[in-house]
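*Asks:* What follows is each chain in one-letter form.
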Amino acid sequence: MASKPRLGEKANDGSEFMKLLFLILAHNQPGQVAELAKALVQSAEDGTALIHFDAGADDKHFHQLEELVSENDAIRLAKERIRCKWGDYSLVQAVIDCLSELIGNGESFDYVLLLSGTCLPNRPIRQLERYLRENYGKEFIENADPAWVVDGLRSERFELYFPFAARPESYFERLWTKSQKMLRIKRTVPNGLSPKFGSQWWALTWETCSAIVTYLQKNENVTKFFKSTYIPDEMVFPTMAGEVCDKENISGFGLTTYMFMENGKPAIFYDDHYEMAKRLNRFFFRKVSHKADRLRKEFLKVASLPDDGSALDKIGTPNSEYTMTLTAQTHFPVPGQIFYRDNCADMPEGVLRNIRDPYIVVFGEDARIRQIMSGMRSDSISTFGRLFAPDRVRLDHEGEEFSTLGLTSPPVRDIHPALFLARVRTRVNGIMAFGWAPGDSAVICNIVAHDPKAFCVLSLHNDAALFGPNGLFPLSSFGNPTASDALRAFEIVTGIAAEIPEDRFLVDRLSQEGLGLAKHPSRYWSRFSHSNRFQSVTDDTDRDSPEPKRASRELTQ
Amino acid sequence: MRRIYPSAIAKRLCIYPRLYLDDVKSGMQLTCKQDNTKNIGSNSIILFTCMRNECMRMEYFYEYYKKLGVDHFIIIDNGSSDGLVDWARRYPDITLFYTEGSYKKSRFGMLWCNDLLRRFGTGHWCVTVDPDEFLVYPKSETRDLKALTQHLDDEKRPCMHAVMLDAYSDRSLEETTLGPGDNPFEICPYFDRDGYIQTEGWGGGIWIRGGPRLRTQFSDAPWEAPALNKIPLIKWRWYYHYNMSMHDARPFFLNKPHAPGRVSITGALFHFKMVSSLAEKAQEELTRGEHYAGSREYIRYAESRGEKVHAEGISVRYENSRQLVDLGLMSAATWF
Chain A
1 MASKPRLGEK
11 ANDGSEFMKL
21 LFLILAHNQP
31 GQVAELAKAL
41 VQSAEDGTAL
51 IHFDAGADDK
61 HFHQLEELVS
71 ENDAIRLAKE
81 RIRCKWGDYS
91 LVQAVIDCLS
101 ELIGNGESFD
111 YVLLLSGTCL
121 PNRPIRQLER
131 YLRENYGKEF
141 IENADPAWVV
151 DGLRSERFEL
161 YFPFAARPES
171 YFERLWTKSQ
181 KMLRIKRTVP
191 NGLSPKFGSQ
201 WWALTWETCS
211 AIVTYLQKNE
221 NVTKFFKSTY
231 IPDEMVFPTM
241 AGEVCDKENI
251 SGFGLTTYMF
261 MENGKPAIFY
271 DDHYEMAKRL
281 NRFFFRKVSH
291 KADRLRKEFL
301 KVASLPDDGS
311 ALDKIGTPNS
321 EYTMTLTAQT
331 HFPVPGQIFY
341 RDNCADMPEG
351 VLRNIRDPYI
361 VVFGEDARIR
371 QIMSGMRSDS
381 ISTFGRLFAP
391 DRVRLDHEGE
401 EFSTLGLTSP
411 PVRDIHPALF
421 LARVRTRVNG
431 IMAFGWAPGD
441 SAVICNIVAH
451 DPKAFCVLSL
461 HNDAALFGPN
471 GLFPLSSFGN
481 PTASDALRAF
491 EIVTGIAAEI
501 PEDRFLVDRL
511 SQEGLGLAKH
521 PSRYWSRFSH
531 SNRFQSVTDD
541 TDRDSPEPKR
551 ASRELTQ
Chain B
1001 MRRIYPSAIA
1011 KRLCIYPRLY
1021 LDDVKSGMQL
1031 TCKQDNTKNI
1041 GSNSIILFTC
1051 MRNECMRMEY
1061 FYEYYKKLGV
1071 DHFIIIDNGS
1081 SDGLVDWARR
1091 YPDITLFYTE
1101 GSYKKSRFGM
1111 LWCNDLLRRF
1121 GTGHWCVTVD
1131 PDEFLVYPKS
1141 ETRDLKALTQ
1151 HLDDEKRPCM
1161 HAVMLDAYSD
1171 RSLEETTLGP
1181 GDNPFEICPY
1191 FDRDGYIQTE
1201 GWGGGIWIRG
1211 GPRLRTQFSD
1221 APWEAPALNK
1231 IPLIKWRWYY
1241 HYNMSMHDAR
1251 PFFLNKPHAP
1261 GRVSITGALF
1271 HFKMVSSLAE
1281 KAQEELTRGE
1291 HYAGSREYIR
1301 YAESRGEKVH
1311 AEGISVRYEN
1321 SRQLVDLGLM
1331 SAATWF
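Top line first, the protein sequences correspond to chains A and B. Per our numbering, the very first residue in the first sequence carries number 1; after that it's consecutive. Per our numbering, the very first residue in the second sequence carries number 1001; after that it's consecutive.
Simulated from the structure, these hints should not be mistaken for laboratory data. Take these hints with a grain of salt, some might be off.
Derived DSBU-like pairs: lysine-lysine, alpha-carbon spacing no greater than 30 Å straight-line [claimed, not checked]:
#1 A:K278 / B:K1139
#2 A:K181 / B:K1156
#3 B:K1033 / A:K291
#4 A:K278 / B:K1146
#5 B:K1256 / A:K60
#6 A:K247 / B:K1146
#7 B:K1038 / A:K297
#8 B:K1256 / A:K278
#9 B:K1067 / A:K291
#10 B:K1256 / A:K85
#11 A:K60 / B:K1066
#12 A:K287 / B:K1025
#13 B:K1139 / A:K291
#14 B:K1011 / A:K265
#15 A:K287 / B:K1038
#16 A:K291 / B:K1066
#17 A:K297 / B:K1139
#18 B:K1156 / A:K291
#19 A:K38 / B:K1146
#20 B:K1146 / A:K291
#21 A:K265 / B:K1067
#22 B:K1139 / A:K60
#23 B:K1139 / A:K218
#24 A:K178 / B:K1308
#25 A:K265 / B:K1104
What the simulated footprint calls covered on chain A by chain B, stretch by stretch (three residues with Cβ under 8 Å from a Cβ of chain B suffice, anywhere in the stretch; the number is not a length) [said to hold, decoys possible]:
#26 73-86
#27 178-188
Sample of chain B residues at the chain A side, in silico, Cβ under 10 Å [claimed, not checked]:
#28 M1056
#29 K1066
#30 K1067
#31 L1068
#32 G1069
#33 G1079
#34 S1081
#35 D1082
#36 V1136
#37 R1143
#38 D1154
#39 P1158
#40 R1209
Note that CB positions come from ideal geometry on N, CA and C, so glycine has one too.
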């Protein structure tokens, strides 16, 4: 075995070029595989590509590939092709056969990069060479504990017998695993190896590769052991690398980005992933759809670019973009997203949850609502009438622009009040305010009471008909309603337990002068600004209009 | 614990032989005018459609779905007189069936479709749409139906739901003419950005109403407005059945737009009905009386006399599939 070079020191047969071997496993799309191999070989200083084309694939495809690469000396086809199967030892055997073929020829390289036909480079190959030169002697392979496997079998992968290719989630496999567990089967790992896990797509130094191949050739029992493990291609090389290399030389990451979806299937890259693929912190990525022509074209062009000298310290750090995109897509729907989750019908919460602006609901008698609204109307507040009146939709001042939108029809409104409210709110600039009088839709009261963005104003009138012992709001302390009274009144009217927290609730008490809120909208604002929930909104309005500031001064006096 | 009554299961299962017989009986009305079914491969995506005098739409329809990745078209011609047979002759991937049977009696074409779906679509991903409907799904510009069905297979989904978006132009109905081979996306580029009401539907599903038809014609009786939820893409099995148009299906699990407790991908179907030929069609359909609920939809069209549907503040021009995702009309869910 050749003596191992020290880290960061390139010492191989005196040549200053990086001698790379791209080992490509492919089973279809001969045109694209040839394209990839050509691009890699041409962009590298001294690169060789060795393609293992699956023996089980179409012969027509193989001949096509032979023809395509025949002119290029740097591209070779594996002489001994074997039939590969996913999750089977044949995938490892193919790699080992290729490597031992080269060892037999007495060839030697600096690095061997294992790729598949669906991989693409996302950085210039020259940059890869610089990176390898700077980190010479490092083994770019994952070397993880069984917890690396996200779901399903972990240490069972090597503790039980699996003399067949993996078939995840099949009934047979589950039965097979379970029965072995019942029989308390636990295999021992030969030669005191400690099994490690990692992606199949690695980049190893030639010394390590040949050491692994020699080791496996010498120790037949190890090969035999791995042949009946579960998905050996994710285990053989990480385990063997851990055995034949120094611990500090193993980087713990590969140079190929791979991503798995929640269902265990690999994520596939399409043309629309161009921007994202550019930012990936590795040199290759997979798996690329064979229909992604633009992506292929662009990145094969990128591969041949000269090294731009950018910093490579981020290589190996995981990209979070994928998880972020999926979380956004599945957990944060846009307002009123239809077909959301497994709702049979869309719930008010779902419809209203993502409209950020708060809104005001004034509960009171018809005339009183009108007074308060006229006092409240300003640039930052759009006031509406009783939107949920039984006879018609009272848009009042803001009415004109909404009349053509089908928003004025009571049946349409009543079929889904929350959606109606959301539709109006998305079309209002600033804060929306609307009135609710006894007799209006009770459904919307329920919705408002549970919506954290609703600010409720209860305007209580000293009217015996409304508030007397037999009135609609039976108050205990007649003439001087307190917050709890008002809440109780609200509760009775709406027929729901109003769980409105203090900070979004206001009782408009009548003072001796007459109209409390209607005359002094500022008082309303001061109450509003004390509420943390709306702090950002009030900050903005403070800047725009001096009115609220003056008001709070008045109040403190 | 919820008790499962054997009689309830029996009741649910008993309907299937009857549905099967209905389909077969209706299917017997169909005669094959052009048989290219030998060209259907084992992984082919097949499109099924039922039409009457819509030949002028077909050229673009064929191109659009071909580009999207449909491998074979199976067309049911219900008594057309506009040369559909001659048009279809050129294409080796179109199979044509002809019938003069009653559209209403075959449950608005659905029994014919069910029969052909069972005969040719079993085991395939099947797109079932009307000739004026165009399927759009998240990222459909860069990914074809093969990629989509691969994702659905990975997610173990049997179907994909879509909301129907009625598209219209900014002119009046009479001025919006759709000629042969025209791209309807250019002629009718607008759709309603919101106002889609989602309620509980038949068979554990979702019922969606809304769009310009509800806004302009059914605002006094929204519950009568046409349904906008559809299941245009199903990996067909021999015991599946569409129920009312493509709105719902049996078994009931097909009516769920999402896998339980998860979010699944949904799409949109652009519906280009609001063109000048609608007026003629409405008149014709009123006399034929072959449409749903006494053709009440067509009565309203005939009454409306081509008012302008476009309205500022709700009509948006269609740009790309991303726009529909941002508006919440469809969801990319776990499709990365």
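*Asks:* Checking one constraint from the list: CA of K1139 of chain B to CA of K60 of chain A, max 30 Å. Satisfied?
*Replies:* Given pair K1139 of chain B, K60 of chain A is violated - Cα atoms ~33 Å apart, limit 30 Å.
*Asks:* Hint G1069 of chain B vs chain A: min CB-CB distance below 10 Å?
*Replies:* Since chain A brings a Cβ to about 9 Å from G1069 of chain B, closer than 10 Å, the hint holds.
*Asks:* Does M1056 of chain B meet its interface restraint, that is, does its C-beta lie within less than 10 Å of any C-beta in chain A?
*Replies:* It is violated, given that the least Cβ distance between M1056 of chain B and chain A is near 31 Å, above 10 Å.
*Asks:* Keeping to a limit of 30 Å between CA atoms, is the pair of K247 of chain A and K1146 of chain B held or broken?
*Replies:* Judged against 30 Å, a Cα distance of about 45 Å means the pair is violated.
*Asks:* If you draw a straight line from the CA of K1256 of chain B to the CA of K85 of chain A, is it 30 Å or shorter?
*Replies:* Not OK: K1256 of chain B and K85 of chain A at ~35 Å, beyond 30 Å, violated.
*Asks:* For the region 178-188 of chain A, do at least 3 residues have a Cβ located nearer than 8 Å to some Cβ of chain B?
*Replies:* violated (count 0)
*Asks:* Hint check: K181 of chain A vs K1156 of chain B, CA-CA at most 30 Å. Holds or violated?
*Replies:* Roughly 28 Å separates the two Cα atoms, so the pair holds.
*Asks:* Hint validation: G1079 of chain B versus chain A, beta carbon distance must be below 10 Å. Holds or violated?
*Replies:* 35 Å, violated
*Asks:* Taken at face value, is the distance from the CA of K1139 of chain B to the CA of K297 of chain A at most 30 Å?
*Replies:* 20 Å, holds
*Asks:* Let's test the interface hint: is any C-beta of chain A closer than 10 Å to that of R1143 of chain B?
*Replies:* 5 Å, holds
*Asks:* Has the given pair, K1156 of chain B with K291 of chain A, been kept, meaning a C-alpha gap of at most 30 Å?
*Replies:* 22 Å, holds
*Asks:* Given as covered by chain B, does the region 73-86 of chain A meet the bar of three residues or more with CB within less than 8 Å?
*Replies:* Contact hint for the region 73-86 of chain A vs chain B: violated, 0 residues under 8 Å.
Against the hints set out earlier in the document, violations occur for numbers 3, 5, 6, 7, 8, 10, 12, 14, 15, 22, 23, 24, 25, 26, 27, 28, 29, 30, 31, 33, 34, 35, 36 and 39.
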